[in-house]
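For this one, chain W is given, so just place chain H on it according to the hints.
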Amino acid sequence: MTPCSPLTTSRCAHPAPRRLAAALTLAATLSLAACGTAADPGTSSSDPRAGAATPAAVPSASPSNDAPAGTVTLESGWAKAGSGMTAVFGTVTNRSDQDLTITGGTSPSAGEVQVHTMAKQADGSMKMMQKKGGLSVPAGESVDLAPGGDHLMLLGLTGPLVNGDDVVLVMVTSRGDELAWTVPVRTFAGGEETYVPEDD
Amino acid sequence: MEGLDRRAVLRTGLLAGGAGAAAVAATHLALEANRAGVGSGAAAPTAVRPAVLPFRGSRQSGVVDAPQPFAAFVGLDLPEGATRLTCRRLMRVWTDDIERLMAARGPLTDLEPELAAVPSRLSVTVAVGPGFYAAAGLDAVRPSWLAPLPAFAVDRLNRDWPQTDVLLQIRADSPVSVAHAVRRLVVGAEPLAVQRWVQRGFREPLTDARPGMPFRNLFGQVDGTVQPATDGSDDPLIWLGADPATAGDGAEAARAPVPKGLAGGTSLVIRRIAMNLDTWDQIDRAGREHAIGRRLGSGAPLTGRVEADLPDLAATDDLGFPVIDPVSHVRRAMPTAPHERILRAPYSYDDPPAPGQRSNCGLVFVSFQADPVRQFVPIQQRLAEADLLNIWTTPLSSGVYAVLPGAQAGEDLGAALLD
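Those protein sequences? They're chains W and H, same order as listed.
Residues 1 to 200 (this note's numbering) are what the first sequence spells out, left to right.
Residues 201 to 619 (this note's numbering) are what the second sequence spells out, left to right.
One thing to keep in mind: the hints can contain errors.
Restraint ranges, calculated between C-beta atoms of paired labels, are given here [to be verified]: (1) W:S125 with H:P348: 41 to 47 Å; (2) W:G149 with H:F352: 52 to 58 Å; (3) W:E141 with H:V252: 27 to 33 Å; (4) H:D478 with W:A189: 38 to 44 Å; (5) W:G133 with H:A334: 40 to 46 Å; (6) W:P160 with H:E314: 27 to 33 Å.
If you want the footprint, here are the derived chain W segments under chain H, 3+ residues with CB under 8 Å [claimed, not checked]: (7) 160-168; (8) 173-187.
Calculated directly from the structure, the hints in this document are not laboratory data.
On a predicted model such as this, the values are computed, not experimentally measured, just so you know.
By construction, the Cβ of each residue, glycine as well, lies at the ideal position given by its N, Cα and C atoms.
Okay, chain W solo, but in the shape it has when bound (with noise of 0.2 Å):
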């Protein structure tokens, strides 16, 4: 087991992405899988579950306060219910001892997903738009993803996110690692924020 950054602790124990987001649910632990891609869920898994999980067999909500030192975590996250674009929230927590930023990602549900700020536009008004330089976790520090302020944007969903179900993401950090996240989708009746797609 070669770490490929000071981040990941065991490279082949982590099933891949994809394949661990399904054996996760509500909690949407985040785990710091390897660094290679999210594409092939054969690749690096070793454990017999990860593939057979199903939603009624894989244990409910728990928050993650037990996670082992040295993972990220997404507590209470979840996705807003939509169609087109969404966004997630929840709260990142950075147990590791290295600094990470977020910097993007990926869904099987979404064209593409980014990290989102809002920010008081020259009229006054708030406006959401991609977060510049991303979303810096600091280690040993959490970092809240809320209605009106950062959040993760699912853009151009594959179809429409029901309430009830969950979504899957695999993000990005500055250094390369994927992070594996499942969240639940809930019906919110805010996040309604104004989007300025940028271009820059």
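This is chain H only, laid out in the frame that chain W set:
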């Protein structure tokens, strides 16, 4: 009042008389056998009441727990075209939301979690109606009792509170906790389920200084004296899939096959009973006690001294009239067989009256029992046929639900039913 009621008593008493003799003997046996359980039901004293009730376990909270002072009952329907997947999604969402709420935390999408943060013995109990089974394609395993209750002669059912596909019973020590939980669970469930109605109720706070204080309805009547014991000994009368080895009177019920996915569940009957306080006000205390068959103060039968005393139905007064009227509420409600007992958890309501009206009061009658057709219907049938209290009461709604078993760790509510 006496004249009026005497006539009613004599008239209905004759009707009731025939069935009486055989029933009375059985009743006395039943009550004797359950003397120990009298008064130990909903209002069971607890030394220290925990601020948080458990969510995880084989049975849901909110059934045998001493009823908290504030309650809301929310009837919801599944949307048109709902399937088993809809049901699973709904239970998935509620399982997580309820677990968080009962632990005094906000649900995932809660922007005001502070309203959940004060532990107030919140319990949220999820129950499903016949429409839930239909949507899930589970009609074949629907319990036979999960069907509309018989139409009772006294019923004046109002379309405002129909039977629904799903019911939430939300109870807490604080009305703020109830309001917040209702809001979050209803909004959070959309569009998997849509609210049809809400009924709110209250009862005296349980305090450690007055443990075991009985529930009094707005007539001042001590309500729910004869209850199955909640210490486990009467479990087969209350729970589905209870261990028959623990069974006394409920042994027979415990041996009945448990409907799929309901071991650890029960049934919930909810009936909204309007109480006419304006005409009740016209009756003196003696008349009220005559109608009830018990003393208002102590709850003791008119032939007894304390609440737990058994009514002496044979006792007569100087004129030869029965001391306990044959159509008094206590007489008509008495079990005629040991299994005719239900765990009552009623709440009073005192809602804003319609313009021009003085009051809008009553009772949200709620009872739990393993089999409502076997345990509840015979009692209600007798009360509908003859009960002096019917002069002042009018049932406005009538519903029956299957209370799902508890969710074990790692499991969603209804998992065993919806797998």
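Exercise. Report the numbers of all earlier hints that the structure fails to satisfy, in ascending order.
Key: Going through the list in order, the structure violates hints 1, 5 and respects the others.
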